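The listed protein sequences derive, respectively, from chains A and B. Numbered according to this note's numbering, the first sequence spans residues 1 to 115. Numbered according to this note's numbering, the second sequence spans residues 116 to 228.
These are calculated hints, taken from the structure and not from any lab test. A portion of the hints provided could be inaccurate.
[Claimed, not checked] Taking beta-carbon pairs under 8 angstroms as the criterion, some of the chain A residues facing chain B (in silico):
#1 F12
#2 A31
#3 Q41
#4 Y48
#5 T99
#6 E103
#7 F106
#8 P108
#9 G109
As the structure is a prediction and not an experimental result, all values here were calculated from the model. Where is the CB? At the ideal position from N, CA and C, for every residue including glycine.
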Amino acid sequence: DGGITQSPKYLFRKEGQNVTLSCEQNLNHDAMYWYRQDPGQGLRLIYYSQIVNDFQKGDIAEGYSVSREKKESFPLTVTSAQKNPTAFYLCASSPNLGTGSYEQYFGPGTRLTVT
Amino acid sequence: QKEVEQDPGPLSVPEGAIVSLNCTYSNSAFQYFMWYRQYSRKGPELLMYTYSSGNKEDGRFTAQVDKSSKYISLFIRDSQPSDSATYLCAMSPGGTSYGKLTFGQGTILTVHP
Numbered sequence: 001d002g003g004i005t006q007s008p009k010y011l012f013r014k015e016g017q018n019v020t021l022s023c024e025q026n027l028n029h030d031a032m033y034w035y036r037q038d039p040g041q042g043l044r045l046i047y048y049s050q051i052v053n054d055f056q057k058g059d060i061a062e063g064y065s066v067s068r069e070k071k072e073s074f075p076l077t078v079t080s081a082q083k084n085p086t087a088f089y090l091c092a093s094s095p096n097l098g099t100g101s102y103e104q105y106f107g108p109g110t111r112l113t114v115t
Numbered sequence: 116q117k118e119v120e121q122d123p124g125p126l127s128v129p130e131g132a133i134v135s136l137n138c139t140y141s142n143s144a145f146q147y148f149m150w151y152r153q154y155s156r157k158g159p160e161l162l163m164y165t166y167s168s169g170n171k172e173d174g175r176f177t178a179q180v181d182k183s184s185k186y187i188s189l190f191i192r193d194s195q196p197s198d199s200a201t202y203l204c205a206m207s208p209g210g211t212s213y214g215k216l217t218f219g220q221g222t223i224l225t226v227h228p
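I would like the entire structure built from these sequences, with the hints used as guidance.
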């Protein structure tokens, strides 16, 4: 089965701790994305990556970091510098831009709660 | 003003009704348009993907794009309780945008039996 997996589904952390969210895809997609979703605010882009070892900041990158060491994997670290980390985090991927396809496919999400 | 505006609803309709969901946008460079369905506590699922103006039909779903008015719609015929979800519109200019999508806020739809 091809798809995007995110783990864990639910994550609880204490304030001041860094936490890493996992995202893996076996769709052979080049591009991967991280979004944050809060009630009533739609999806906001945190980071995105077009190729291995390269990534760019999205609209709300402050307090987050990513790496892209493998095509299949794009982990997101929520650092203690992120002021309001409690949210629903979504990972997505899309085909190689050379195909002219711009649609994105999403994973099931990770709900992070920081207290 | 947001680049993409979507009425958040909530929208409540009886089973069997025709549902119309809409988004307006301000960026005339948008050429690729998508509709996603998101069930509670799940990731969005791609429903429709269209390029430029026109209509696209897939089963009970029809997507319309009117670039001259900067307006897109999703119609759901014979709505079912299983259609109850949040519907998100998304769009991209393509080209050198590196696949970045701009999303609407989402419309919450409830179809009651």
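The hints, checked one at a time:
no., hint, verdict
1, F12, "violated, 16 angstroms"
2, A31, "holds, 5 angstroms"
3, Q41, "holds, 7 angstroms"
4, Y48, "holds, 7 angstroms"
5, T99, "violated, 11 angstroms"
6, E103, "holds, 5 angstroms"
7, F106, "holds, 4 angstroms"
8, P108, "holds, 5 angstroms"
9, G109, "holds, 5 angstroms"
Hints 1 and 5 from the list above are not met by this structure, while the remaining hints are.
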